[in-house]
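In the order they appear, the protein sequences are chains W and R. Per my numbering, the first sequence starts with residue 1, numbered consecutively. Per my numbering, the second sequence starts with residue 1, numbered consecutively.
Treat the hints with caution; some may be incorrect.
[To be verified] Restraint-style ranges between C-beta atoms, simulated for each label pair:
{"id": "1", "chain 1": "R", "residue 1": "198", "chain 2": "W", "residue 2": "28", "range": "31 to 39 Å"}
{"id": "2", "chain 1": "R", "residue 1": "133", "chain 2": "W", "residue 2": "157", "range": "53 to 61 Å"}
{"id": "3", "chain 1": "R", "residue 1": "117", "chain 2": "W", "residue 2": "14", "range": "32 to 40 Å"}
{"id": "4", "chain 1": "R", "residue 1": "152", "chain 2": "W", "residue 2": "58", "range": "56 to 64 Å"}
{"id": "5", "chain 1": "R", "residue 1": "160", "chain 2": "W", "residue 2": "151", "range": "30 to 38 Å"}
{"id": "6", "chain 1": "W", "residue 1": "14", "chain 2": "R", "residue 2": "133", "range": "28 to 36 Å"}
{"id": "7", "chain 1": "R", "residue 1": "134", "chain 2": "W", "residue 2": "154", "range": "49 to 57 Å"}
{"id": "8", "chain 1": "W", "residue 1": "13", "chain 2": "R", "residue 2": "198", "range": "47 to 55 Å"}
{"id": "9", "chain 1": "W", "residue 1": "72", "chain 2": "R", "residue 2": "120", "range": "32 to 40 Å"}
{"id": "10", "chain 1": "W", "residue 1": "114", "chain 2": "R", "residue 2": "134", "range": "40 to 48 Å"}
{"id": "11", "chain 1": "W", "residue 1": "150", "chain 2": "R", "residue 2": "216", "range": "54 to 62 Å"}
{"id": "12", "chain 1": "R", "residue 1": "115", "chain 2": "W", "residue 2": "71", "range": "29 to 37 Å"}
{"id": "13", "chain 1": "R", "residue 1": "192", "chain 2": "W", "residue 2": "13", "range": "51 to 59 Å"}
[To be verified] Far from chain W by the CB rule (all over 12 Å, computed), these chain R residues:
{"id": "14", "residue": "20"}
{"id": "15", "residue": "23"}
{"id": "16", "residue": "122"}
{"id": "17", "residue": "144"}
{"id": "18", "residue": "152"}
{"id": "19", "residue": "168"}
I should point out that these hints are in silico values taken from the structure, not numbers from a laboratory. Using N, Cα and C, we set each Cβ at its ideal position, and we do this for glycine too.
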Amino acid sequence: VVTEDAAFDAFVHAQQRTLLRAAWLMCGDWNSAEDLVQQSLLEIWRRWSRVAQTTNPTGYAYRVLVTSHLRTVRRRSTSEVPTPSFEGSPPRGAAIDDGIALHRTVQDALRRLPPRQRAVLVCRYFLDQTEESTAVILGCRRGTVKSASAKALENLRRDPTFATWHDLGETNAHR
Amino acid sequence: MRTDDDMRGLLQRLAPDPPRSLTGADIRGRADIASGTPRAVAGRRLLLPAVAVLAVVALAVAIVVIANLSGGDAPAGDRTSRPIAPASSHPAPTSMASRSDGHCRTSQLQAGVYRRGSTASAPFIEVAVRNAADTRCTVRGYPRVRLFASGHAIPASFTHGTYEIPASPPRTVILGPGKSAYFTIGTSTGTTGPGTTTYLVSTIAVTPADDTGTLTIANAALGASGKTGRPMSVGLTPFVGSPQ
Chain W
1 VVTEDAAFDA FVHAQQRTLL RAAWLMCGDW NSAEDLVQQS LLEIWRRWSR VAQTTNPTGY
61 AYRVLVTSHL RTVRRRSTSE VPTPSFEGSP PRGAAIDDGI ALHRTVQDAL RRLPPRQRAV
121 LVCRYFLDQT EESTAVILGC RRGTVKSASA KALENLRRDP TFATWHDLGE TNAHR
Chain R
1 MRTDDDMRGL LQRLAPDPPR SLTGADIRGR ADIASGTPRA VAGRRLLLPA VAVLAVVALA
61 VAIVVIANLS GGDAPAGDRT SRPIAPASSH PAPTSMASRS DGHCRTSQLQ AGVYRRGSTA
121 SAPFIEVAVR NAADTRCTVR GYPRVRLFAS GHAIPASFTH GTYEIPASPP RTVILGPGKS
181 AYFTIGTSTG TTGPGTTTYL VSTIAVTPAD DTGTLTIANA ALGASGKTGR PMSVGLTPFV
241 GSPQ
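Turn these sequences into a full structure, and let the hints steer you where they fit.
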């Protein structure tokens, strides 16, 4: 007989890495990401007897994670002020391999997205959720997900530092 | 960004591996601390022992009643001396002997210098505060700090954030037995010349935000300078769960 504790421990063991990485993509730093995941798992544990009976506890965990993050962002008196790491764009032609800085550039480009658009990207492309599932996670319509996703991608394409990184990445990949 | 697969690949490459893992026990422990009970669902879980106690009492009463009915020829003294405990001697089980708010007490903590360094005439030390007790507890927010040089307290004005680490909102750090929380103290040695005073901080007194006791760090060796007669500017970061 698997106890509630053991079942929850197994769930956390299986999901914590994905949840932490997704939280990092949304928050931008590990301290906030760990706080977010701990808070989300705490909420899940308090409802575990019901969550464990559902067909998709993982989807529920994603929903708690994302909505907790968006709620926290809304509550903050000081909203996020992304600070660019660079004066302008990184030089074209720099090797992507020696680019912790370039890695940071992409992270900054993501951070410049509105939190909800970033959350949509994380759900769709990191957590690999369909538009329907993302809509359930975010508590909105499928059309809203579709338009937010399109806007997020368009914003990234227009971000000069991101475009530079992407060009470099492709150049590097084709070497 | 040509295809969805490009975006998937990008995010997978971008998201690093977490610096540490979380466990279900951590989360359940945090629920315990938050609720002050050994289980967040203590009420539900206490039902079983409560029912068991009631069943035992009912069984004992039934045995006595049956014995009294069947033992009519027994001496009266025997009947009254049967060991039937009154109901009041079986109090409902409580979740804990005494409720704990979970805050770390100074008496269960140890503090020491974890790391030191300096950038651009801005020396800093990172302090580790270790939970030396066998029980889990929490620290939260910014510690209160006093600096001493040559046995005298240095007048200081504290700001949130140091030269290298920006200010951040307070957070709660859970400290399991033997685990440490960290914060950083940063000063400046850039102010020199006439009208300035330079100190070598020898001792630092730390008071966790949730307590009133003091932890002493005797080997601080932290340089600081500022204008004579004015408080020294000292930067502080909040407690975090891992070194910065």
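How the hints compare with the structure:
1. Range check, residue 198/R to residue 28/W: about 38 Å between beta-carbon atoms, so the 31 to 39 Å window is met.
2. Taking the beta carbon of each, residue 133/R and residue 157/W are about 54 Å apart, inside 53 to 61 Å as hinted.
3. In this structure the supplied range 32 to 40 Å holds for residue 117/R paired with residue 14/W, their Cβ-Cβ distance being about 39 Å.
4. In this structure, residue 152/R and residue 58/W meet the distance hint of 56 to 64 Å, their C-beta atoms being roughly 59 Å apart.
5. As the Cβ distance of residue 160/R to residue 151/W is approximately 35 Å, the hint placing it in 30 to 38 Å holds.
6. Judged by the Cβ atoms, the range 28 to 36 Å given for residue 14/W and residue 133/R holds: they are separated by roughly 31 Å.
7. Taking 49 to 57 Å as the suggested C-beta distance range, the pair residue 134/R and residue 154/W conforms, at roughly 55 Å.
8. For the pair residue 13/W and residue 198/R, the supplied restraint of 47 to 55 Å holds, since their beta-carbon distance comes to about 52 Å.
9. Take residue 72/W and residue 120/R: their Cβ atoms lie about 33 Å apart, and the range 32 to 40 Å holds.
10. Range check, residue 114/W to residue 134/R: about 46 Å between beta-carbon atoms, so the 40 to 48 Å window is met.
11. A hinted range of 54 to 62 Å holds for the C-beta pair residue 150/W and residue 216/R, which are about 59 Å apart.
12. For residue 115/R paired with residue 71/W, a C-beta distance near 35 Å keeps the hint of 29 to 37 Å intact.
13. For residue 192/R and residue 13/W, the hinted distance range of 51 to 59 Å is satisfied, since their beta carbons lie about 55 Å from each other.
14. Listed as outside the interface, residue 20/R is inconsistent with that label: its C-beta sits roughly 8 Å from the nearest C-beta of chain W, within the 12 Å cut-off.
15. Non-interface call for residue 23/R relative to chain W: violated, since the shortest CB-CB distance, roughly 6 Å, does not exceed 12 Å.
16. Every Cβ of chain W is farther than 12 Å from the Cβ of residue 122/R; the closest lies at roughly 19 Å, confirming the non-interface assignment.
17. No Cβ of chain W approaches the Cβ of residue 144/R within 12 Å, the least distance being about 21 Å, so the stated non-interface status holds.
18. Residue-level check passed: residue 152/R sits 35 Å from the nearest beta carbon of chain W, beyond 12 Å.
19. Not every beta carbon of chain W lies more than 12 Å from that of residue 168/R, the smallest distance being close to 7 Å; the non-interface claim is violated.
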